[in-house]
Amino acid sequence: MRKTIFYIWLGVLFFSINIAKAQQDAQFSFYMKNMLYYNPAFAGSEGITQISLLHRTQWAGYSSNFDDGGAPQTQVFSVTTPIYKFNSGFGAHIVNDNLGPQNNLEVQLSYAYHLGIKKSKLSFGFRAGVYSQSIDFNEYRPIDTDDPILSGKGKESQVRPDMALGVLFRSEKYYVGASFNHVLKAEFDFGVNELRNALENHAYLNFGYIHKVNFDLKLEPSMMVQTDFNEYSFILGGLAYYKDTMWGGASFRQGDDVNILLGYNFLKDKSLSFGYSFGYVIKDQDAKEATTHEVLLSYQLPVNPGTGKKVVRTPRFRH
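Per my numbering, residue 130 is the first one in the sequence shown, and the count goes up by one each step.
Keep in mind that a hint or two might mislead.
Restricting the straight-line Cα-Cα distance to at most 20 Å, the calculated cross-link-like pairs of lysine to any residue (SDA-like) are [as the list claims (entries may be wrong)]: (1) K284 x F319; (2) K302 x V342; (3) K372 x Y338; (4) K341 x K372; (5) K347 x F403; (6) K397 x T178; (7) K397 x S427; (8) K314 x N359; (9) K302 x N359; (10) K284 x L228; (11) K347 x W376; (12) K347 x K372; (13) K397 x N359; (14) K372 x K417; (15) K341 x K417; (16) K372 x F336; (17) K247 x Y213; (18) K417 x I177; (19) K372 x N359; (20) K214 x A189; (21) K399 x Q204; (22) K248 x T186; (23) K247 x A189; (24) K347 x M375; (25) K417 x T186; (26) K302 x F336; (27) K399 x K417; (28) K397 x D373; (29) K248 x I177; (30) K284 x K247; (31) K372 x K397.
Treat the hints as calculated values from the structure; they're not laboratory data. Here the structure is a predicted model, which is why all the values come from computation and not from measurement.
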């Protein structure tokens with residue numbers, strides 16, 4: 130098994146080297162703590178009800194050549210819970226992604242069916258929701274002040290349906306997931322044919338492994354490969370947990386940045402978690418500010434004793 134996992138890592142890494150980066154979807158340093166965003170099959174798969182909030186400020190301090198605009202900022206609110214009676218799980222998330230004059234807002238509901246295979250779990254997920262795109266045309270500075278594309282326009286919004294599919298296999302020691310997002314390829318044009326823009330299909334491959342070094346220390350290396358079928362990128366990361374209380378690690382995004390991840394689990398049952406990520410840009414600093422920050426807050430609701438299922442806490446899996 131260890132040799133197989135090593136070869137999977139080596140093959141994906143070799144495949145990804147020197148391939149350009151796709152960035153239509155929002156990016157996160159805490160990708161391993163935000164898996165519902167990438168794959169609907171993660172809904173309820175950990176056997177816990179969890180509520181999470183995440184805020185990301187990318188290229189902190191960045192400003193455009195004009196008075197308007199600023200650093201990209203993204204917020205995510207998510208909820209995931211198992212539905213034991215139907216061997217399934219439910220998830221919901223809201224994403225607000227601000228990119229200066231453009232703002233993307235999505236509200237998504239996910240459902241996953243869990244198929245037990247001995248001590249492992251195979252999940253099939255489906256997601257449906259809406260994706261809203263808004264543009265404030267007043268924040269653009271056209272070379273031609275009579276440009277018909279911008280003339281007379283203020284702030285406009287369009288809402289389109291959105292869908293995603295995913296599959297996940299997980300055991301107590303590792304998980305492998307794949308998903309296919311923006312299935313409908315919804316288009317936005319704001320009434321101008323020249324502005325026609327579609328949500329491109331995105332595919333994600335996730336892998337994580339949990340290794341218990343001793344009673345107090347656990348390690349969790351992980352990897353994510355993403356593509357819009359024109360460009361590819363990968364992100365590598367790893368977390369270490371000490372007594373399921375303190376945790377920290379690092380991540381590296383291909384051709385972009387490196388990140389230091391730190392966190393602490395509060396309360397007697399470790400149910401309240403706080404995390405912070407500091408990122409440093411390593412490429413194209415002339416066009417960006419060097420630092421990125423993320424803050425993560427999550428809470429795991431107490432287990433309902435009526436389910437009759439004993440929950441054993443580990444960093445990333447509940448069995």
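Hint-by-hint comparison with the structure:
no. : hint        : in the structure
1   : K284 x F319 : holds (10 Å)
2   : K302 x V342 : holds (12 Å)
3   : K372 x Y338 : holds (18 Å)
4   : K341 x K372 : holds (11 Å)
5   : K347 x F403 : holds (18 Å)
6   : K397 x T178 : holds (17 Å)
7   : K397 x S427 : holds (15 Å)
8   : K314 x N359 : holds (14 Å)
9   : K302 x N359 : violated (33 Å)
10  : K284 x L228 : holds (14 Å)
11  : K347 x W376 : holds (9 Å)
12  : K347 x K372 : holds (8 Å)
13  : K397 x N359 : violated (47 Å)
14  : K372 x K417 : violated (38 Å)
15  : K341 x K417 : violated (39 Å)
16  : K372 x F336 : violated (23 Å)
17  : K247 x Y213 : holds (16 Å)
18  : K417 x I177 : violated (39 Å)
19  : K372 x N359 : violated (43 Å)
20  : K214 x A189 : violated (45 Å)
21  : K399 x Q204 : violated (24 Å)
22  : K248 x T186 : violated (40 Å)
23  : K247 x A189 : violated (47 Å)
24  : K347 x M375 : holds (11 Å)
25  : K417 x T186 : holds (12 Å)
26  : K302 x F336 : holds (11 Å)
27  : K399 x K417 : violated (37 Å)
28  : K397 x D373 : holds (11 Å)
29  : K248 x I177 : holds (17 Å)
30  : K284 x K247 : violated (54 Å)
31  : K372 x K397 : holds (12 Å)
Hint violations for this structure: numbers 9, 13, 14, 15, 16, 18, 19, 20, 21, 22, 23, 27, 30, all remaining hints satisfied.
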